[in-house]
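K.L.:
Now for the letters of each chain:
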Amino acid sequence: MTANKTLNMITQRAVEEGIAMEIGKTSKQYFDACSIIEMNEQDMKELGIMRNTNVRVKSESGEVVVKATVGRQACYPGLCHIRQGVWANQVVPPRTQSTGAPQYSGFPVTVEPAPNDKLKTALELVQGAVGLWKGD
Amino acid sequence: MSELIIKNGYVFDPISGLKGDKADISVKDGKIVDKVSNKAEVIDAAGKTVMAGGVDIHCHVAGPKVNLGREMRPEDKFFRGEYRGGILKQGKRMEMGFSIPSTWKTGYAYARMGYTFTNEAAMPPLLAPHVHEEFRDTPILDQAAMPVFGNNWFCFEYIKNKELENNAAYIAWLLNATKGIGIKVVNPGGTEAWAWGENCTTINDPVPYFDITPAEIVKGLIEANEYLGLPHSVHIHGNNLGNPGNYKDTIDTLKLAEGTKAKNKFGREQVLHNTHLQFHSYKGTSWADFESGAKEVMDYVNSNKNITVDIGQVTLDETTTMTADGPFEYHLNQLNHIKWANVDVELETGSGIVPYIYDKNIKVCGIQWAIGLEIGLYAKDLMRVHITTDHPNAGPFTRYPRVIKWLMSQKAREATLDTMKWKDKVIAASNIASMDRELGLYDIAMMTRAGPAKALGLSSIYSLTKGADANIAIYNLDANKLPSDPELIEAAFQNTAYTLKEGVVVVKDGQIVAEPPKYTLWTKVNMPENAQVMHDIKEKFSRNYTVNLENYAVFDEHVHNARAIELDVA
Amino acid sequence: METVTMTLTSQPELFLECYNVTPDQFAGKSLAEIAALPAHEGKIQWKLGDFFKFDGKAGETAADTKIVVNGDVRRMKRFGQKMSAGEIVINNDTDMYIGGWMTGGKITVKGNADSFLGIAMEGGEILIEGDAQNHVGSAYRGDWRGMSGGLIRVKGKAGNDIGTAMTGGTIIIEGDAFIHVLTHAEGGTVIIKGDVEGRVGGQMVKGDAYIFGNILYPLPGFKKIATVEKEVDGATYTFDQFIGDLGERKTKKKGEIIYGNIYLKK
Amino acid sequence: MPKVIENVGCPYCGCSCDDVRVTVSDDGKDILEVENVCAIGTEIFKHGCSKDRIKLPRMRQPDGSMKDISYEEAIDWTARHLLKAKKPLMYGFGSTNCEGQAAAARVMEIAGGMLDNCATICHGPSFLAIFDNGYPTCTLGEVKNRADVIVYWGSNPAHAHPRHMSRYSIFPRGFFTGKGQKKRTVIVIDPRFTDTANVADYHLQIKQGHDYELFNAFRMVIQGHGNDLPDEVAGVKKEQILEVAEIMKNARFGTVFFGMGLTHSDGRNHNIDIAISLTRDLNKVSKWTIMAMRGHYNITGPGVVWSWTFGFPYCLDLTKQNHAHMNPGETSSVDMAMRDEVDMFINIGTDAGAHFPIPAVKHLKKHPWVTIDPSINMASEISDLHIPVCICGVDVGGIVYRMDNVPIQFRKVIEPPEGVMDDETLLNKIADRMEELKAKGEA
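Residue numbers (my numbering), protein chains in the order written: chain A, 1 to 136; chain B, 1001 to 1570; chain C, 2001 to 2266; chain D, 3001 to 3443.
Hints are not guaranteed to be accurate.
25 angstroms max Cα-Cα, derived BS3-like pairs, lysine-lysine [what the hints assert, rightly or not]:
| # | chain 1 | residue 1 | chain 2 | residue 2 |
| --- | --- | --- | --- | --- |
| 1 | B | K1089 | C | K2043 |
| 2 | B | K1092 | D | K3051 |
| 3 | C | K2224 | D | K3238 |
| 4 | B | K1089 | D | K3438 |
| 5 | B | K1089 | D | K3320 |
| 6 | D | K3051 | D | K3003 |
| 7 | D | K3207 | A | K58 |
| 8 | D | K3055 | A | K120 |
| 9 | D | K3365 | C | K2047 |
| 10 | B | K1425 | C | K2047 |
| 11 | B | K1089 | D | K3086 |
| 12 | B | K1089 | D | K3084 |
| 13 | D | K3365 | A | K58 |
| 14 | C | K2047 | B | K1089 |
| 15 | C | K2254 | B | K1421 |
| 16 | D | K3366 | A | K134 |
| 17 | A | K28 | D | K3051 |
| 18 | D | K3086 | C | K2043 |
| 19 | A | K134 | D | K3438 |
| 20 | B | K1092 | D | K3366 |
| 21 | C | K2043 | D | K3182 |
| 22 | D | K3207 | A | K45 |
| 23 | D | K3182 | B | K1540 |
| 24 | B | K1508 | B | K1524 |
| 25 | D | K3365 | A | K134 |
One side only, chain A facing chain C, incomplete, derived with CB under 10 angstroms [said to hold, decoys possible]:
| # | residue |
| --- | --- |
| 26 | Q73 |
| 27 | S98 |
| 28 | T99 |
By construction, these hints were calculated from the structure, which means they are not laboratory data.
We put the CB at the ideal spot given by N, CA and C, even for glycine.
Here chain A stands alone, though its shape is the one from the complex:
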């Protein structure tokens, strides 16, 4: 078991995310759909992460707490996926290789167990980032 591990992260659409987005970005459905990371079971085992417990994901440009799952659309060992949206974008590097498109797919993140850390809501993350968050 290791304390943390570097994985290759991607972020893509999911039908659950699409439905939830149309219900509303402040909805519980959106929170449930997007504040999760999908990874390979083997990586979870090595990190000592239990399914449905929280982990901290850090990249060159930020960090976020999300809930760890395996997910139906399997990642191979070393690959992880956070659905497109507010949580993923806390860690997506804005570098574009001079194309305009950020590095949404294929950037290193470190993942570590954070079972006691709380998940933040979408509004807290975004308003918090720009100094507008007033708390619950």
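Take the given structure of chain A and dock chains B, C and D to it, following the hints.
P.N.:
Relative to chain A, chains B, C and D alone:
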């Protein structure tokens, strides 16, 4: 009530028989009238040439293919560090692009050349709303578009089954659905074959699966066109475009019109318009022994009055080729290896786009240039031979003034020949050097407005006859004293002294000064609904199309300022 | 050669487009005329004099004019764009399009340059003492005619798209490079003295890449054919020669197939 | 009597389905039932008739709260800030009709600013590839009627385009494809075993970020160099590459549908660039087309509209009055945000707050931020001004472009909340106001 009179100009209007006589043209409420009151605003045209607004019978200026060309060529706007065109903003919107200008530049640039009507040469019916959106955003110019029929599954089946009335009813329905003006045919059968990666290179090659030949398709469409009595004839880009030796296929195609007479109420006399004839007048067996076939083709055209043609003059520019002839563009890309776009459109048509450089230092390009001019210079009846560049295929429409210069001046032709690296080979493979004919302003008026307007069945709108729209071009050319420097001829045709659109001055001294409303022209055939055809349409839509029938016809609110040319079929 | 020294006096709020800072534009002008040349910050058209003070004297011709740029010009782009002769020395880091479309003369940047350095360059020389970003000597979007002549030397490292659609000239990166070297090239030479992550020579028809370090992910489209000695940038080394891109179309010259080459230092 | 409206367009994904049936209440204000639509589309129509729709513009107050203001005030505020800014940026258009996108072009040309759409973070790299290499494509009906081999590369329609496979590609029976799925071979290339891979005949589990190498390998086989391939490329075995290449070569009609697996990973545009090269190669031996799986129902629209308006599909720099400039990497929204190149931000018909990497959001937030959108979203909740508008396809119609560039005419199904403007009207009023202010010399 607004009145205006253009005084003392040399007026050239072949439709009303004015051959450069000094005459006054009166305008009232946007129409040409016999006379106006003494309160009329006066434009002094003394020492200037006056013609009706120019009519472009064949250009690709709006729609999906043109726009994909714009989209895929940023370097057409910004070329080696320079913004091409160099036009300071003069209208409401900026002007962008060289070979495939933005809609705004298209409208402004045509108006500056004294043109007020363009006929978009290929509208894929499924994508018709796109064409009409671009018309909305093209200022000043009246516009029309021809839907393509030469690879349409409905037409294939009706023609194969010899169902003339059904074919005609379907055509009428589609003109209404797309708000189109007439029947365009591009590489009949060949584009459908291209959907399987194949082609039809002669008029007798069978179309895969459909058990029909290009010859049958063209004959069937001519028959339907005359059955309906549409304002324009079938407008064809035949098989085997752009290949050495194709002049024979061209004459074969033209012969399909033999024995058919025009039947319509619009004054049109031809039953077949062969577009961009230059691309179809090639002799030789390969690019190595490539030579002009203009003489052979024009001999045929000259002796057959039921045919009109336009030139498709190569202007020796870097341009963008685009056509519904999908296999041709693929073939071209295999030669030049620059980028290639292709769009096959379900049940109807296809298209391809490839950038192309007509380099005066390449022998073939020089010969192509010569062939186009030969077509104009061999012509006996210039009402039937129209100036185009098949914009943007052989060059951008903004080069029309240069084409006019070449046709009007042997000196100008020689000067261009002198810049060619393979001048001697170009001369050897063509007749251009021996041709001393120089066209005059009346000839040019026939080739750029009267002829195309008549061929389109629109001469009652686009001429200087009484009741016509007051679309007028006034050029800085003294008809009695044409400049000896041909460059001045080009300059005069590039920027008018005045262009009027429905009596409103839109260009003054080469500058855009007003942007009045413009029309979308289309052909409305009034005929009883054909139950069989409506049944066939419903069935194809439910089985094969990916758009619902009810969303296919362009909604009225998406047709900009529609103006229907109506006709009744019992 | 006469020298104009321009020294930054105030920073733009956004970025300033210094497309007029070339020997061609300065030549034959007085300092006051030079200071009156336009420069854009977004939609605002300023004068160069609003941001720089000018000393010295311009030559009669571009070839006779040297421009020295002092101050923090990290927020200034397009120095030397389209220059044909003369010299520019930038004593600091600078931004994008340095030497874009240049046809002659020399540009030296004593610090780093950003992306689109020497884009579609036709001739002349660019020396960057620091790093460059992406699209060194590449083509403008959509153009199949990229850098066609001249020399770009970057002493530090560079990013992606080095010599994309290149047709001639030489690019030397003395440090590491990221991905896409000579992609779509139809000529030209790129020398990378450090390591490359990958994608060297993809879709290349013709051209030569010399890689002194490692290619982490080599393309399957290249095949080793020989070990050769070659003189590169003033010294001779032994290389493994690979030809490709075998997946791309090939041209023939005098009946022989022309390949792109990757020379990987042993 | 409830009214049934047929042939309604769905304003969700790039499939732009136009066969939706909507049942509307007697007064034309409520949607009672939606048929022929995926789960996501259903939610859009539900939201359209929600009683919680925002009906007035809201301006942020010094204490951070939002206060309702009139449309006139909102239009004036926006017009003045656009004129004042040196380089304002308008970005979005994921859910705007073409009429609105044309009006936006007018606004930003008058303002002298930057104009960009969601493609910039999505299929923008596909544009770059099209610039460099062209686009041999077709309409979706060609796939339905002819295709016998379908490749989904880096795209996952099961999630992002729910009806794509059933309406257009794998399952439908067309003119030459009467047997539907039975006669089609489906190949999915993706690093994950996605739900789309689950219905495929072949799934090549590629090593993430190495698509370019695999395309290169396929091209090698097509050019006759299959024997020179190494044993494995990008995590895929040589035998599997040879087998799949053979299927591609023998297709009667094949289509490659690609998605953000290509546009978002290393190399971006070049992954598509080489996919286009492969498509071209395949046309020597067979018939092949390629298509971008565009995300939103009209995100193809701005590229189309702005190409005819300015000649460029996105990343437009309109600051120079006489000409437009475009160069992604410089004039692209996220790059400009990160470089602090813009000094005002209008987020329209999208949610940059949720979908931009958060550092870009922080940079943009240094300057005035306006959100034009029917909904409450992350962008609206950090803006200085939020202006609500109609929902295209629900309470306003208009033309939209499907992923294959086919224009689809959308219909209005219910009345908008009272007083709420559509994008086109609002934007034209902002443009008119700017012209007024300029004429008065107040700018």
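K.L.:
Each of the hints needs a verdict: does it hold here or not?
P.N.:
How the hints compare with the structure:
1. K1089/B / K2043/C: holds, 15 angstroms
2. K1092/B / K3051/D: Violated, at roughly 41 angstroms.
3. K2224/C / K3238/D: This hinted pair holds, its Cα atoms lying about 19 angstroms apart.
4. K1089/B / K3438/D: With a Cα-Cα distance of about 17 angstroms, the restraint between K1089/B and K3438/D holds, given a limit of 25 angstroms.
5. K1089/B / K3320/D: Answer holds: K1089/B to K3320/D is near 10 angstroms, not above 25 angstroms.
6. K3051/D / K3003/D: holds, 20 angstroms
7. K3207/D / K58/A: holds, 22 angstroms
8. K3055/D / K120/A: Between K3055/D and K120/A the Cα gap is close to 29 angstroms, so the pair fails against 25 angstroms, i.e. violated.
9. K3365/D / K2047/C: Cα-Cα ~29 angstroms, so violated.
10. K1425/B / K2047/C: With Cα atoms ~54 angstroms apart, K1425/B and K2047/C exceed 25 angstroms; violated.
11. K1089/B / K3086/D: With a Cα-Cα distance of about 20 angstroms, the restraint between K1089/B and K3086/D holds, given a limit of 25 angstroms.
12. K1089/B / K3084/D: holds, 22 angstroms
13. K3365/D / K58/A: holds, 23 angstroms
14. K2047/C / K1089/B: Holds: K2047/C and K1089/B sit about 22 angstroms apart, inside 25 angstroms.
15. K2254/C / K1421/B: Measuring from Cα to Cα gives roughly 22 angstroms; hence the hint holds.
16. K3366/D / K134/A: holds, 19 angstroms
17. K28/A / K3051/D: Measuring from Cα to Cα gives roughly 19 angstroms; hence the hint holds.
18. K3086/D / K2043/C: holds, 6 angstroms
19. K134/A / K3438/D: Roughly 39 angstroms between the alpha carbons, so the hint for K134/A and K3438/D is violated.
20. K1092/B / K3366/D: violated, 33 angstroms
21. K2043/C / K3182/D: With a Cα-Cα distance of about 59 angstroms, the restraint between K2043/C and K3182/D is violated, given a limit of 25 angstroms.
22. K3207/D / K45/A: holds, 22 angstroms
23. K3182/D / K1540/B: Measuring from Cα to Cα gives roughly 22 angstroms; hence the hint holds.
24. K1508/B / K1524/B: violated, 35 angstroms
25. K3365/D / K134/A: holds, 17 angstroms
26. Q73: Violated, because the Cβ-Cβ distance from Q73/A to chain C comes to roughly 26 angstroms (cut-off 10 angstroms).
27. S98: holds, 4 angstroms
28. T99: At 9 angstroms from the nearest chain C Cβ, T99/A passes the 10 angstroms test, so the hint holds.
The structure is inconsistent with the numbered hints 2, 8, 9, 10, 19, 20, 21, 24 and 26, although it conforms to all the rest.
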